[in-house]
Amino acid sequence: MKFAYYPGCSARSTCAELNEATHLVAAKLGLGLLQLESATCTGARELRAIDPVGFYTLNVRILALAESHGLPLMTICNTCTLNVLDAHAAFVSDRELAAGVNDRLAEEGLRYSGRTRISHFLWVLHENIGEQRLRELVVNPLTDLTVAAFYGCHITRPPLQYGFVDSRNNIALEKLAEVLGCRPIDYSGRNECCGFHTAAHDERVAIKLTGQHILSAKTGGAQAMVTPCPLCHTVLDGFQREIEKDVGQKLDMPILHLPQLVGLALGLSPDELNIDRHMVPAGTLKAYAAVASKGSRR
Amino acid sequence: MVTSASAPAQTGIDARRLGQIERSDTLAVRNSRLAIGEIIAVRIRRFDDSGGAAAYQDFQVPYQKWMRVLDVLNWVTENKATDLAYRWCCGSKMCGTCAVRMNGREVLACWEAAEPVMTIEPLRNLPVIRDLIVDRTPYESKVASLEPWLERREPYPQFPEPLNHKQMKDASKALDCISCMCCYSACPVIGLGDLTDFAGPAPLVQLGQTALDPRNDPGKVTRSLALTGIFNCVSCYKCEEVCPAGIPIVSRVIEPLKAKAAQLVPGMAKHSFVLRDIVAARGRVDPGALVLRVQGLRALANMPRVIRLLLRGKINPWKTLFRIKTAASAAAGRILGAGVAK
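First to last, the sequence lines map onto chains L and E.
Numbering of the first sequence is given in my numbering, commencing with residue 18 and proceeding in unit increments.
Numbering of the second sequence is given in my numbering, commencing with residue -11 and proceeding in unit increments.
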């Protein structure tokens, strides 16, 4: 199974470890990834408001690049996923817009016909690899590792669009964690917002919101949190010192990118997965995985 | 057709729907959950008479056919607690007065089926007057301050005025609002109180009804938008998830209002323009450049984090200072307009 792969900006900068982990895990899973090198940013949340035509063109261009290779598109960032989904939906429902965008793309010989299938890595794991195959591939079951799944917003909402159901029902991450041997915990933050999208001009919202979620995961007994979105990761992990100051207590909650959790179970070492590149050291987790891989647990 | 973006592949599983069946959230299951005469365990948040402190009171309610949350509340008042306070008027999803939180989610009592075990609470983010009744004043005064009406300074071009459905497509969505305030209760930013000046989803929808009407006076819309703090919306879509009127609040109201604000009050959207410039010049977002240009000297207050980020190799000052031309930057420059500095 081969995908055109769009990492997005975060996985190329602050969360470079996510991009590396994705490539390593994809190789283990037998997924071929063709990284779209010339793809641009999808415009985050900002561009769609101030320049809708620019927003659609950048996103449709990414879809057209995938289409030119005849491949489905795989993303690893929630916001990028929603952006390309939105652009695809606008493209196929508005002929005028579609024609205008294709005119712009024609300047570099690209053209989109609306056929690219869009999937996030989390969905690929369920839809293309499947529980059964994944179980066969798990060589280092993370037995009893308690993880709190943090979905983020943009691969679960807006509701009733793109096949999304009530986001409070989501179990895709928990189900996956179970397959990897983990014990997913239930907690109040699982489908809440990290506040990333206003953090560039005011971090306080992100810090206040996320503090509640990490606290609730900690109270629920989580040894780590796992997220399918690098933007959530940036807040949960990158801001955790400030969050600790705000909630007035030490949290020390390691935050894993989804492919890192999968990678650990597939036998990749914490070093290979660059878990040390995070701001919150995942020491406990590292020891766990290292011991686990030797076969003598704790 | 959007099927290409949502069709499952290979395993036959649709990852986006995982949980719907497992958590019994299909219509068939919902309707078969309770048999007539079965006992519903209801826990209602109440103020006790003595000190005004909040407490929960439990009731056993026999299920009747097609019982809604509102019918449960009515049964409780008629049979067990005549002093239970809650609002309702039309009972048919029109008046927007009966919104409560049931099992942690905002619902209209008149439009939600009773569940076998229910905790019913007042809406969040508003002062509670008694039991399930919230004080709507903060919302109403916010709406009034936004002057949500049409103002015409120019004479009408003709009568009837030329106006088509495309020009009204967003305003008409906002006009479906029944002011139930489910979204106001679900909004995480409103939940943070005075931390920001964000007006909140419900007041923005009220504003959108006229501010997104092309006939409105731009000066008037400018004044209103300047008071909304709209760029504090975190785009979490929680409001859309609970809206009983099915209004796409983020995509069809808040985003178009943001677009208007960017046009009429560009200062409010500074970070959006900065991001656009950075993407146009680099093809991708450089987080260092974004934070420096949006926050300016304020970014210095975050020095400890900057140093930590540097030590972990999460930011690269060389990349921030010297940008390299790539295929992505060339494409972004062409699409978003080249020649923008930095």
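Check before you lean on any hint, since a few could be wrong.
Below, computed lysine-lysine pairings styled on DSS-like, alpha-carbon distance capped at 30 Å [stated by the list, open to error]:
(1) E:Lys81 x L:Lys225
(2) L:Lys262 x E:Lys53
(3) E:Lys68 x E:Lys53
(4) E:Lys53 x E:Lys81
(5) L:Lys19 x E:Lys313
(6) L:Lys225 x E:Lys208
Listed next, with one range per pair, are the computed distances between beta-carbon atoms [what the hints assert, rightly or not]:
(7) L:Arg132 x E:Ala315: 19 to 27 Å
(8) L:Ser110 x E:Pro206: 23 to 31 Å
(9) L:Ala123 x E:Ile312: 21 to 29 Å
(10) E:Ala289 x L:Glu148: 30 to 38 Å
(11) E:Leu138 x L:Ser110: 27 to 35 Å
(12) L:Arg200 x E:Leu288: 38 to 46 Å
(13) L:His40 x E:Cys77: 42 to 50 Å
(14) L:Gly49 x E:Leu288: 39 to 47 Å
(15) E:Thr107 x L:Ala123: 39 to 47 Å
(16) E:Thr107 x L:Val156: 21 to 29 Å
It should be emphasised that the hints constitute simulated quantities derived from the structure, not laboratory data.
We treat Cβ as the ideally placed atom computed from N, Cα and C, and that holds for glycine.
Review point. Which numbered hints are broken by the structure, listed smallest first?
Key: The structure conflicts with hints 1, 2, 6, 10, 13, 15, 16, although it agrees with all the remaining ones.
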